[in-house]
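K.L.:
The listed protein sequences derive, respectively, from chains D and W.
Here the first sequence stands for residues 1 to 128, numbered as in our numbering.
Here the second sequence stands for residues 1 to 531, numbered as in our numbering.
Quick caveat, the hints were computed from the structure, so don't treat them as lab data.
Treat the hints with care, as some may be off.
Part of the chain D face toward chain W, derived, beta carbon under 8 Å [to be verified]: (1) SER15; (2) GLN25; (3) VAL30; (4) LEU31; (5) PHE73; (6) GLU81; (7) LYS97; (8) SER103; (9) LEU122.
Glycine included, each C-beta is placed from N, C-alpha and C at the ideal position.
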Amino acid sequence: MSDAEKIYKAIFKGSIPPSIEEKYQKVFEVLAAGFSEVCVEEYKTAVEDIHDIEALELAGRFRKKLPLLVHAFEIMVYIAETVPGNQSEFINYKTRKIFGFLSMTYGGCRSTVKFLKGLFLLRKIKNV
Amino acid sequence: MFDVVIVGSGLSGVAAALGFIKKGIKPCIIDVGSKPETLPPITENFYEYRKTTDSSSLMLGERLEGLHNLLHKDRPLPVKLTSPRMQFVVRGSQSFSPTIEENYRLVQSFASGGLANAWGAGVYRYNKRDLDGFPVSESELSPYYEEIKQEIGMSGSNDDLVKYFGREDRLQHPLELSANAERLYAKYSSHKKKLNREGVFLGRPRLAVLSEDFGERKACDYSNLEFWQPDLSYIYTPTLTLKKLIKEGKVIYKSGYLAKSWTREDNVLFVHSEDIRDNSIVQFRCRKLVLAAGAVNSARLALASNRDFQSRLNLLDNPALQFPLILLHRIGSRLETRAFGLTQLNIVFAFEGGQRPLQGSLLEITSPARAEFFQNFPFSARDNLIFIRNLLPAMMVLQLFFPSAPENGAELKLNADDKLELRGKDFPFQGQRIKSVLKTFRKLGAYSFPSLVIKVPNGFGIHYAGTLPMVSKPNRSYTCSPNGELYGEPGVFVADASVLPVLPAKNCSFFVMANAMRTADYMSSVLSGEL
Ligand SMILES: Cc1cc2nc3c(=O)[nH]c(=O)nc-3n(C[C@H](O)[C@H](O)[C@H](O)COP(=O)(O)OP(=O)(O)OC[C@H]3O[C@@H](n4cnc5c(N)ncnc54)[C@H](O)[C@@H]3O)c2cc1C
């Protein structure tokens, strides 16, 4: 699985559309050029060795670690938003207040677990 | 030789041009004049378009330039200016006017029409209090406001904010409110007496945005395209006037020229300019020169013409705070895909103790990309999307402006290597103020926390002013007379916001346009020998 595919899956579940993968690769090259070799190495290790990179990214974001991975997630979100098939990932087309509250509560709890897991996973990455 | 050369085609430049044309003078405008790429305009609603079309070219650009702030963290731009079709507004600014910025972020435009290609179109008269220290009165400016209003078209209402914004006749009805804004307004109406006693006033903004057709310009269609598409005809921009004046043969527009300095021989002014196509130097000769290059670049021209690499000039901008606000009962609502994506309401805080009031714009956040908010939520990537879907439709942003004066403004200096040095000072935002603003919004059913309030970087208020202030009796360089003439520089006049000695917490462009026209009126009388 390519790093783009892995990151996309971590955020959106489904498989990555080729147009997104292509754009991601293009931007990633520019992005990575602005980071040190160590950061690029960490990124590679993270996407190759760690299964739950969603958890890892969250912990990295809070702990100010793995900056390239954190950026990569952000970039993927920007690119993915432009695809018609992804609109419902970003936009509520219907008012569902109770469902909204419940899913946010679920999201909050899920993220707490992910964060703790991410802290543990951070320790697995050399140099971090 | 031209009677008049105006440097710049932004709001101040075109307002000055209108003033000359009215008096039968045909001015020459010289301008760098970057233009937007000629791409087919999006005519559909932003969200309808995205449902069926891959919007990467609109939102990210062909060269993925829409990701500017992610790829160039050291040189971020205000979000609206990162949008690919809007980037022409700031294109090339570092090469045309290189800067060294310390605790400051300058946004410069060398576009035809200037910064106002991307502006929020909030237009507010300065009242007596705002003009305190300025040697021109409200009544002297009044007729020019009327003429400018005729040109730009204005919507709004004479509501509770009349006290601060003045009464405006012949306004188009205000734009439709978003559901969030409607809710805030309703709450305000029911708590009005108490809030007014506390010095809080809420009302509809005055906007150079059309709610009804106006000549050939169509009314706002609530397409949410404000961040993405330049030249939306319902939002006034100076290019509308400029194109019309060029077509009617009323101005000579010389684009592609970067003015570098001026010199004088007898009564003739020479504007030394660089042709940006081949870097050759071209001279424009004129009897009178109008500086309308924006407060920073007009100051640069004045310093460069004097070869002055010592003087430090004041540079004002409104310090600002951004408050994200959540309307609890709207959480989980559908996103309002049909909306006006800029200012919905204005709020004025007139605190006790005689200080100048604070003014805020309540903005809808329906126009920017949803991804823009991704990093603002503290959850995992997938869960952040849940919050983006459910929380963003319930959110607005308050951009609260503070007044600025030389003691808390920035400093500007020209170096011998042509770089402008800018040094910002941190504004003392008082925690108590922030708390009382949050308390007010709680009463209106909108919630936030002090830790979520964002300090807008120095310079990102983008209301630059005060570099060549107008004083009643000028007696030193870099000040101008009540008619706008620069001290020690006969024939050189200033028409942009450089002339403001202090900056009230009120977007300054409507005032600047009226004052530019007033200056042009005076200059026309001098040229025609009346004075
Ligand atoms: C996102 C955003 C929102 C805003 N919202 C509002 C608002 O709601 N209300 C409000 O009042 N204001 C607002 N502003 C600020 C407002 O747009 C500016 O204050 C105003 O446009 C300044 O006009 P200006 O003509 O003085 O200068 P500019 O717009 O800076 O124009 C300068 C002109 O001079 C030319 N120029 C500069 N130097 C040279 C040179 N050396 N040689 C030749 N040409 C030169 C440029 O090409 C350009 O045409 C906003 C700005 C932005 C970016």
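K.L.:
Now look at each hint and say whether the structure bears it out.
P.N.:
Hint-by-hint comparison with the structure:
1. For the restraint placing SER15/D at the interface with chain W, the shortest Cβ-Cβ distance is roughly 15 Å, beyond the 8 Å limit, so the hint is violated.
2. Restraint check, GLN25/D versus chain W: the minimum CB separation of about 11 Å is more than 8 Å; hint violated.
3. For the restraint placing VAL30/D at the interface with chain W, the shortest Cβ-Cβ distance is roughly 6 Å, inside the 8 Å limit, so the hint holds.
4. Checking LEU31/D against chain W by beta carbon gives a least distance of about 6 Å; that is within 8 Å, so the hint holds.
5. Interface restraint check: PHE73/D against chain W, minimum CB-CB distance 5 Å, threshold 8 Å, status holds.
6. At about 5 Å, the closest approach between the beta carbon of GLU81/D and any beta carbon in chain W falls short of 8 Å, and the interface hint on this residue holds.
7. Here the hint on LYS97/D is kept, as its CB sits about 4 Å from the closest CB of chain W, short of 8 Å.
8. About 5 Å separates the beta-carbon of SER103/D from the nearest beta-carbon of chain W, less than 8 Å, and the hint is met.
9. For LEU122/D, the suggested interface contact is broken, since its CB lies about 14 Å from the closest CB of chain W, more than 8 Å.
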